[in-house]
Each structure stands twice: as C-alpha cells, then as structure tokens.
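Novice: So the chains spell out like this:
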Amino acid sequence: MPTAKTAKSPSKNGAAADPYKTLGSAKLLQIHELMVRARLLEERLIKMSKGGDGFFWIGGPGEEAFNVPLGLQVKKGHGVNHDFLHLHYRSAAIVLAMGAKPIDSVRQMRSVATDPYSKGRNFVNHYAIPELNVVPVSPTIETQYSTAIGTGIAQARAKTDAITVVNGGDAGTAEGDFHSCLVWANRPALPLPILIIVVNNGWGISTAAATQHGEKHIADWAKVFPDMPGKTINGNEVLESWAGLEEAFAYVRKNRRPYLLEVKTSRLYGHSSSSGANRIPEADCIAILEEQMIKRGLAKADAFKKVWEREAAALDAAHKQVKGEPFPAVETVWENVFTDGLPSSYPTKGGS
Amino acid sequence: MANMAQAIRMALHYGEQNLGVTEIFGEDVGPPLGGVFTATQGLKNAWNAPLDERGIIGAALGLAWAGGRPVAEIQFVDYIFNVVDMLKLAANGHWASGGRYRTPLVVMTPTGSGIHGSLYHSHSFDSIATKLHGMKVVCPSTPIDAYGLMIAAIKSDDPVLFLKPKALMRSKGEELIPGEPADEKALHDMIDAPLGDRTKWKAAWPKLTDYTVEIGKAKISHAGEDATIVTHGRMAPICLDVARRFKSEGKGRLEVIDLRSLMPYDWDAIKTSVKKTGRVLFVNEETEITNFAEHLIRRLVDECFYELKVRPRLLAGKATPGIALSPNLEYFIQPQTKDVERAALEVLGDPA
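Chains as they are written, first to last, in the working numbering: chain V, 1 to 352; chain U, 1 to 352.
In short, the hints are calculated from the structure, not lab data.
Worth double-checking, as some hints may not be accurate.
In silico BS3-like links for lysine-lysine, alpha-carbon gap of 30 Å or less [unchecked claim]:
1. U:Lys247 with U:Lys309
2. V:Lys159 with U:Lys155
3. U:Lys185 with U:Lys44
4. U:Lys275 with V:Lys349
5. V:Lys349 with U:Lys88
6. U:Lys275 with U:Lys251
7. U:Lys202 with U:Lys185
8. U:Lys271 with V:Lys349
9. U:Lys338 with U:Lys217
10. U:Lys338 with U:Lys219
11. V:Lys349 with V:Lys27
12. U:Lys88 with U:Lys318
13. V:Lys349 with U:Lys217
14. U:Lys44 with V:Lys254
15. V:Lys349 with U:Lys219
16. V:Lys320 with V:Lys306
17. U:Lys202 with V:Lys159
18. U:Lys88 with V:Lys76
19. V:Lys159 with U:Lys200
20. U:Lys88 with V:Lys101
21. V:Lys349 with U:Lys338
Some chain U residues flagged as far from chain V (calculated, every beta-carbon gap over 12 Å) [stated by the list, open to error]:
22. Met1
23. Leu19
24. Ala96
25. Lys172
26. Ala204
27. Thr209
28. Leu240
29. Glu249
30. Lys271
31. Thr287
32. Ile289
33. Glu307
34. Arg311
35. Glu346
Label pairs and their in silico Cβ distance ranges [claimed, not checked]:
36. U:Asp157 with V:Pro347: 19 to 25 Å
37. U:Lys131 with V:His78: 30 to 36 Å
38. U:Asp157 with V:Pro188: 29 to 35 Å
39. U:His133 with V:Pro326: 24 to 30 Å
40. U:Thr290 with V:Lys216: 43 to 49 Å
We treat Cβ as the ideally placed atom computed from N, Cα and C, and that holds for glycine.
Input sequences plus hints: build the corresponding full structure.
Specialist: Okay, structure coming up:
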C-alpha cells in the first residue's frame, strides 16, 4: 500500500520473518474469534433491523481485521492514565475486543430498558462506556475528531503514556472537525498525543469518494505538519493492521505527538439500513485470515467452523434473553435531563 | 464597585483556586489580551486557542469527559451558530448515555446588542440556547450576579451556557463582591492589566470567598403590585430604572423579575408575581419571532388565564435579518428605555 510518510518502526523484525508466525497462532486465534464475534453480531443486528426486532442499523462489518487489533492494543481502563476512545458507529469490533458484551449491542438494537449505553434512547452501535474511556458515540458525523482534542489536552498535561484514539470514516474528512483535530493536535503550544485514524472504505453512503476527494491519500494531510507521521495501510489484512497499529501507538505514546493513520477496508454491508444493508462482494477480511492461517498450518478449517458455531450459539442465547427484557417505561425520559434532577416546574406536558 | 468583566474574572480566579478549574480558553482569552472584554485577564490557567469554535467546544467536551471542569469562551455569541451541534452534544450527553457520562463545562459568550456591533456583534441566542435541552443557561445583569452565577456554573455537573450581556461588561453594580476592596482604584490596580508591556505583570487577587447564585432562581429586583415585568440581561437594568422612576413619579408600581437563569427558569417567581398583579410585560432583546418569552406567555395563558386581568405583552427586538449599525436604525430595531416606558404604560393602562 502506498505510504505518504512513515515514522520509524520500533520493530526490529527481520525482513524474512513471516509476520503470521511472529505474532503466533494463539494471538491470531484470539483475534479470529473476536472478528467472528463482531461479524456475527453485526449480521444479527441487520437481521433484527430487517425483521422488525429493532429499527435503524448502522455498523462496521468488513472492518474487523483492523478494529480487533485496535481494541486489543488499547491501554484500556478509566481516567487519563488509560487510552480514551472517540469512536463512530462502525466500531463494534473495537469495543468487543476491549471486553464489551455482544448482548449489550443486541439490547441497544432492540431499545430495551437494559440497554447499558443509552437506556433505549440511541441507535445501535452508539456506545458510552466510562469504565473503558469510550466516550459517547454520536450520530453526528466527525464531531468525535473535535472532542478528541479535549481528552488529548488532558493527557498532554498529565504524566502518563496514555493516549487518545479517534476513529472515523473517509467521507467525514471533508468536515471541518477533521481539520480542527489536525490543527489542534499539532499546536506548537501543546502538541497532543492523539492517534488520528481514518478508515477509508471509499464511500460516503452512496457517494464514491473518488468523485468528491482529490487527495491522493487521506494520510497526505500529514505532510502539512512536519512532526506528524502519516501512513496508509491495508486494513483488510490482520498482520498489516497489527503492525501499523503497533507502530502508531508506540509513536504517540512515546513522543506525545499525533499520528495520522489511514486504513483501507471493505464495507461489506453498505452504509447502513439506508442503503439496504445487503452483502456486497468485496474482500472479506475473515476469509483472508482463515486462508492465510490454514495455508501456514497455524489452524485447521474445522477449528474455524467450531468458532463460528460457538459464537452463533452464544448470540442466539443472548438474543433470546433480550427478547424477554422489558422496554423502558415512558417516565424514564425525564431521567438524566439534568444531573441534579428535573426542577418541579420544568414543563413536561408537551404543550397545553 | 467591580464591573461585570472584573466580577467574571474574579469568579474564574476563585474557580481556579478552589473549584478545580484548570483550563480557561478561547480566542484571545489568554495573555496578552485576556479576552476582548478583559474577563480573563491575569488568570493563571487562561490560554489562547486557534480561531476555531468547533475545536473550542470539542476541546471543552473532551476535557469534561476526562474529569475536568473547563471554561471555554466563544468570543461573541454571533460566532456560536457553527457549533450548535457541538453544544447539542454537550447538552444531551448525559441523557443520551443513559446517565453514564456527565459534562461539567462552562461556555461563556458575550450576547446582545448595545455596543454598535452591527450584524455579527449584536445577536441574542436565548431561544436557541433554551432549546438545547439538558444545557443550563444563565444571563446575569449585575456584577454580583455574574460572580455568583459563574461560581454556580463551575460547580454544576451539567453544561452551562453563560451569556454575558456585552453592553453591561463595563457596568458597575450596587453590591460589593465578597472579598472585593471597597476602593475601586485599589481593585483596578490589583487585577487590571497595565497598558503596554504586560509580560511581567501578574494580578494581585483580593481574598475572594464563595458566593453562589442558584441556577434557576430569579431575583425580584423591584417589588410592585400593579404589573410585572419579566426580563434579563441588558434589558434588566433598563427595566429597573423605569420601575424606579414610575414609582417616584406615581405612574405605577412595577414588579421587575430579573430571570438570571433562562434554563431552568424560575416559573414559580413568574407565576406568583403575575397572580398578584394580573398584568405582565416580557422584555428582552431577541427578535420577536419564536422569542423565548413566547413560551412563557403561552404557559401563563395555560396556567394563569383567569388570574390575568389583561393580555400579556412582549417587547422584543424587531425581526430584521440583523442589527443595523447606524444608531437610529439600531435603536429602532432593539428595545430602548423609551420603548420600555411606552410598553409599561400600555400594560398598566389596559382596561381590565
């Protein structure tokens, strides 16, 4: 893949070493299991949406080869001494790799009272997980690149190696928030430790990026800032994703400066419900991983089949459980308007 | 007596010293200027941001999610329109996350007309601000209230929009701020930056103490029995002056309610006063179409129809596309003292 500008890799791996074997079968099998879990979850959420067991679906099937390694490399926890994540709605595999439970996404899709991320108020894949520093995901495009500035400032002030990670899509880079993030992260007065990720699937809903963006590579925006590396990697490939993330995380943690990482991936079910959420014949990162591992003797097809069956069964059980959970009571809409409760004279009738 | 800019500055200093405010930022907020109205002069944690409103609000959001209590400034409320969606994220974050995230931030911004500010330094924002549900909105009219409301805003776990009436930033009050020296010149010498080179200047702060004006509580700035005026911000001292003169001239006993908080607003104070007088005039400088006070009038009609002796009235700005520069045009568009006098006489004289 083309490279705009590359930071020095901390890795000293020999050029001839097979990266699959270097990472090892145990780690690869862990990654594979999480990828399958994320894929099956997204496909279940799509079915729920189409089957009347929920409403709008938007998610990230096709990004698992990048998102799972990202979730696994995060320094996870709560507070400024752990990484902050400003995600968008294609990040299921990231939060699952960090330990989130598929059942909670099923709950959010069905908008039941037990939805831990929004109490039945928000679309699916809109997380808010303070114990993992996953800040509220918003349906607004690209605003996460502006909010990342704030946690970046907090971590630039603190004595920590923790960083801020922001993730979004290629179409959103036309928004000013993307450029706000670049400018603020590179302020000479206070450079910010932000890993700025753009997942480039080549589309903004139904509009081809090639018709709207003249940039050769989104990572080329890094060329404007002398001290910010920029790199483009193939996000359909687990090993390239793993290595690219290792390099980027290490650079930001050590140097306390930003890094721009563009990640090329497939978009396997289109944008969302709005584009039909039907399977699209693009490269499938899970099939690529399985093929490569089998070819190298790192796993057998039967073992992969068992993973798919086990994860599907677990999801069936979770879905069945959620179907028995209650929807939120109407009076709960008045919870959390203000942190100190609703004033007694607050208008609640919806008019006269 | 301190002026409003000095009062806000002292409240922010109190916040730095006692309430955990470590980031005060915006365009020209830090040295050497200390804000275009000098409200952040001499503060140890004040710094200059890029000229980027979206980045400023995004930074505040991220800082709040990271555990801080940031105070951000939008230089004029006229520049806030390109961050309304970011303000909405701040306002709905607690609710959207099912109560999992709090957003304790303050956004302060000069509002309203009165400085010959033309189209983009004269806006009011009340109706839009009060539709950012989940956001608290305050607007003081005196230095002591500015001090007390800023301290309340900093203490709040909810986002607070602090509207600074720009025409009142140099106005002085009738009460000393707790800890303020009685000698105006002494205060000036202590906390106002000198002209010329300021690189070695440091403020010598008076020993300030806590003083909190509860958000959501209005002030009866003038008691009366014949008619109620409900107002805030720049129009509040004008209405108070008219009420005092009407009383001394025997034209009527006006009760003036200075709202101080627009969200939540003090409905009990409004209702109690109108039930007493049966006559009410709302005065503000926002344009009349979908004016914030129209909501209050509708609610009065719903809840106090039989206590109203005459129709409720609104004195507001004229619905022109902007505030014009030429003084005769500005004074025509925006309510002036003579307009308040006329409207007050009309509401007092309406046949019951």
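Novice: Hints first: check each against the structure and report whether it holds.
Specialist: Verification of the supplied hints:
no.	hint	in the structure
1	U:Lys247 with U:Lys309	holds, 21 Å
2	V:Lys159 with U:Lys155	holds, 26 Å
3	U:Lys185 with U:Lys44	holds, 22 Å
4	U:Lys275 with V:Lys349	holds, 21 Å
5	V:Lys349 with U:Lys88	holds, 22 Å
6	U:Lys275 with U:Lys251	holds, 21 Å
7	U:Lys202 with U:Lys185	holds, 17 Å
8	U:Lys271 with V:Lys349	holds, 17 Å
9	U:Lys338 with U:Lys217	holds, 28 Å
10	U:Lys338 with U:Lys219	holds, 23 Å
11	V:Lys349 with V:Lys27	violated, 56 Å
12	U:Lys88 with U:Lys318	holds, 27 Å
13	V:Lys349 with U:Lys217	holds, 22 Å
14	U:Lys44 with V:Lys254	holds, 28 Å
15	V:Lys349 with U:Lys219	holds, 26 Å
16	V:Lys320 with V:Lys306	holds, 21 Å
17	U:Lys202 with V:Lys159	holds, 27 Å
18	U:Lys88 with V:Lys76	holds, 28 Å
19	V:Lys159 with U:Lys200	holds, 28 Å
20	U:Lys88 with V:Lys101	holds, 29 Å
21	V:Lys349 with U:Lys338	violated, 38 Å
22	Met1	holds, 32 Å
23	Leu19	holds, 16 Å
24	Ala96	violated, 6 Å
25	Lys172	holds, 32 Å
26	Ala204	holds, 26 Å
27	Thr209	holds, 23 Å
28	Leu240	holds, 24 Å
29	Glu249	holds, 35 Å
30	Lys271	violated, 8 Å
31	Thr287	holds, 22 Å
32	Ile289	holds, 19 Å
33	Glu307	holds, 16 Å
34	Arg311	holds, 17 Å
35	Glu346	holds, 26 Å
36	U:Asp157 with V:Pro347: 19 to 25 Å	holds, 22 Å
37	U:Lys131 with V:His78: 30 to 36 Å	holds, 33 Å
38	U:Asp157 with V:Pro188: 29 to 35 Å	holds, 34 Å
39	U:His133 with V:Pro326: 24 to 30 Å	holds, 25 Å
40	U:Thr290 with V:Lys216: 43 to 49 Å	holds, 47 Å
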